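Engineer: All chains should be built: construct the whole structure from the sequences, respecting the hints.
In the numbering used here, the protein residues as written are 397 to 880.
Errors might be hidden in some of the hints.
[To be verified] Calculated pairs, DSBU-like style, for lysine-lysine (alpha carbon to alpha carbon, straight line, at most 30 Å): (1) Lys-581 - Lys-614; (2) Lys-614 - Lys-436; (3) Lys-435 - Lys-846; (4) Lys-778 - Lys-860; (5) Lys-448 - Lys-629; (6) Lys-629 - Lys-651; (7) Lys-629 - Lys-562; (8) Lys-436 - Lys-426; (9) Lys-855 - Lys-629.
The set of hints was computed from the structure by calculation and includes no laboratory data. All values reported here derive from a predicted model rather than from experimental measurement.
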Amino acid sequence: MKTHYKLFLITLFALQAGAAIGQAVKPTAKISGTVLDDKKQPLSYATVALLKAKDSSVVKGAITNEAGIYTFEHLNQGKYLVRVSTVGFLKAYSKPVTVSQENINMPAIQLTAGAKTLNAVSVTAAKPLIERKLDRMVMNVENSVLAAGNDAMEILERAPGVTVDKDDNISLNGKQGVTVMINDKPTHLSAAQLATLLHSTDGNNIQSVEVITNPSAKYDASGNSGIINIILKKNNSVGTNGSIVATGAIGIYPKGNTSISLNHKEGNLNFYGSYSIGSRERANNLYIDRIIDTSGKQTYFTQHTFMPSTNYNNTYRLGVDYDMGKKNTVGLLFSGYFNGENDNNVNNTVIGSQPGITDSLQNTTSTISQTYHNYEFDLNDKYHIDSLGQDISFDVDYTNFTNTNNAVYNNYYLFSNLTTEHPPLIQRNQSPSNIIINTEKVDYTLPFHKTMKFEAGLKSSYVKTDNNLQAQYQNGGGTFINDT
Numbered sequence: 397m398k399t400h401y402k403l404f405l406i407t408l409f410a411l412q413a414g415a416a417i418g419q420a421v422k423p424t425a426k427i428s429g430t431v432l433d434d435k436k437q438p439l440s441y442a443t444v445a446l447l448k449a450k451d452s453s454v455v456k457g458a459i460t461n462e463a464g465i466y467t468f469e470h471l472n473q474g475k476y477l478v479r480v481s482t483v484g485f486l487k488a489y490s491k492p493v494t495v496s497q498e499n500i501n502m503p504a505i506q507l508t509a510g511a512k513t514l515n516a517v518s519v520t521a522a523k524p525l526i527e528r529k530l531d532r533m534v535m536n537v538e539n540s541v542l543a544a545g546n547d548a549m550e551i552l553e554r555a556p557g558v559t560v561d562k563d564d565n566i567s568l569n570g571k572q573g574v575t576v577m578i579n580d581k582p583t584h585l586s587a588a589q590l591a592t593l594l595h596s597t598d599g600n601n602i603q604s605v606e607v608i609t610n611p612s613a614k615y616d617a618s619g620n621s622g623i624i625n626i627i628l629k630k631n632n633s634v635g636t637n638g639s640i641v642a643t644g645a646i647g648i649y650p651k652g653n654t655s656i657s658l659n660h661k662e663g664n665l666n667f668y669g670s671y672s673i674g675s676r677e678r679a680n681n682l683y684i685d686r687i688i689d690t691s692g693k694q695t696y697f698t699q700h701t702f703m704p705s706t707n708y709n710n711t712y713r714l715g716v717d718y719d720m721g722k723k724n725t726v727g728l729l730f731s732g733y734f735n736g737e738n739d740n741n742v743n744n745t746v747i748g749s750q751p752g753i754t755d756s757l758q759n760t761t762s763t764i765s766q767t768y769h770n771y772e773f774d775l776n777d778k779y780h781i782d783s784l785g786q787d788i789s790f791d792v793d794y795t796n797f798t799n800t801n802n803a804v805y806n807n808y809y810l811f812s813n814l815t816t817e818h819p820p821l822i823q824r825n826q827s828p829s830n831i832i833i834n835t836e837k838v839d840y841t842l843p844f845h846k847t848m849k850f851e852a853g854l855k856s857s858y859v860k861t862d863n864n865l866q867a868q869y870q871n872g873g874g875t876f877i878n879d880t
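Structural biologist: In structure tokens form, the structure reads like this:
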């Protein structure tokens with residue numbers, strides 16, 4: 397009894413220590429408005445950025461529709477301003493506005509046409525933050541303020557139409573089931589594994605994010621909400637160059653990431669590689685009050701679960717490209733990651749026949765250790781047939797995923813005086829899995845017009861999956877046996 401009493405006191409202390417964190421609430425505020433040209437007509441496809449008023453850092457990006465309207469949804473409370481830019485007009489800013497939980501309709505922003513004559517001309521090549529192309533919107537991350545100090549998941553939160561909730565679930569235009577790709581290749585990951593991969597991808601290694609709301613037949617018919625394609629950097633500068641980037645932050649818990657990238661180009665050969673390592677800690681608090689009515693007899697359950705977790709990540713890329721001519725490039729890429737997560741959860745449930753009355757207690761502690769291993773080989777060849785955009789590409793991929801999940805659950809049942817109601821239930825789950833994916837594909841593109849193109853392709857794939865779930869419990873002798 398003394399052992400369970402000490403465990404119960406430790407549990408209560410841990411629960412009280414974590415209570416200050418609170419449970420995240422999904423933001424509901426929205427900002428919308430209209431952009432006009434110098435003749436007070438609606439201006440479509442203008443680039444709109446929502447900025448924090450205190451430091452002008454980018455929060456989200458959007459594109460105006462045909463009616464010149466833009467919308468930013470799921471906003472946290474704070475003070476913001478709107479910046480608008482497009483070709484042929486000067487940038488314009490709104491006045492700062494304070495957002496709580498209501499919907500705000502901003503005054504129309506009218507742009508002024510740029511100067512038509514210049515005494516001297518200085519041309520600087522700079523991509524806008526948001527570009528609208530024929531079948532997608534592109535957020536240019538490279539050389540923007542978004543790259544520094546943010547990982548891929550934090551950058552996706554700022555992409556047009558993309559929302560990430562407190563559990564790292566990604567939705568596009570309010571719909572879940574989004575297909576996330578990296579360099580035009582599907583990730584083939586669960587939601588939790590994808591979140592770990594994106595948090596381990598340093599923003600400084602990202603060139604752009606493509607948001608494709610209506611995918612063409614070029615892409616696999618999976619997902620019902622569109623595609624997000626993350627394009628990683630590839631340096632083509634002559635000679636040897638590289639960079640080292642270290643980032644860190646601390647709120648309730650710390651997080652940090654360090655990455656190194658190297659590139660060497662000589663003649664027709666280009667070698668490149670990168671490695672990133674990082675870790676982050678976080679915690680969730682879950683509060684649940686339930687009333688169970690059985691034949692007019694009510695039972696009250698008051699539950700609190702404290703769920704701290706530590707994530708660590710290692711990602712790597714090593715590749716070589718060979719220019720066989722001005723129109724043909726052959727590449728070989730080896731990439732992968734080694735990521736993991738450790739959770740130590742504490743759950744305490746108070747059970748009573750009346751509110752505030754404790755008849756019995758259930759205490760559950762769980763330790764969960766998960767690892768995700770992946771490596772991939774990719775052989776690719778792209779041939780540009782002409783300068784009009786007609787091209788054909790070949791890809792051969794081999795991908796291997798090895799994942800483990802080991803969990804131990806300790807369930808204790810106590811009376812209100814902390815004596816044992818019945819012996820504890822100790823459970824253990826082990827679920828290793830291995831997935832092998834082989835794909836071969838060829839794609840052909842023929843542009844007809846700047847607003848029309850023809851695409852065709854062939855693809856074959858082979859997938860082998862091996863999963864093994866072992867559910868066990870501990871008997872009276874302390875030995876784990878299979879729970880049939």
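Engineer: Does each hint hold? Answer for all of them.
Structural biologist: Now the hints, each set against the structure:
{"no.": "1", "hint": "Lys-581 - Lys-614", "verdict": "holds, 12 Å"}
{"no.": "2", "hint": "Lys-614 - Lys-436", "verdict": "violated, 40 Å"}
{"no.": "3", "hint": "Lys-435 - Lys-846", "verdict": "holds, 27 Å"}
{"no.": "4", "hint": "Lys-778 - Lys-860", "verdict": "holds, 28 Å"}
{"no.": "5", "hint": "Lys-448 - Lys-629", "verdict": "holds, 27 Å"}
{"no.": "6", "hint": "Lys-629 - Lys-651", "verdict": "holds, 23 Å"}
{"no.": "7", "hint": "Lys-629 - Lys-562", "verdict": "holds, 28 Å"}
{"no.": "8", "hint": "Lys-436 - Lys-426", "verdict": "holds, 24 Å"}
{"no.": "9", "hint": "Lys-855 - Lys-629", "verdict": "holds, 26 Å"}
Taken one by one, the earlier hints fail for this structure only at number 2.
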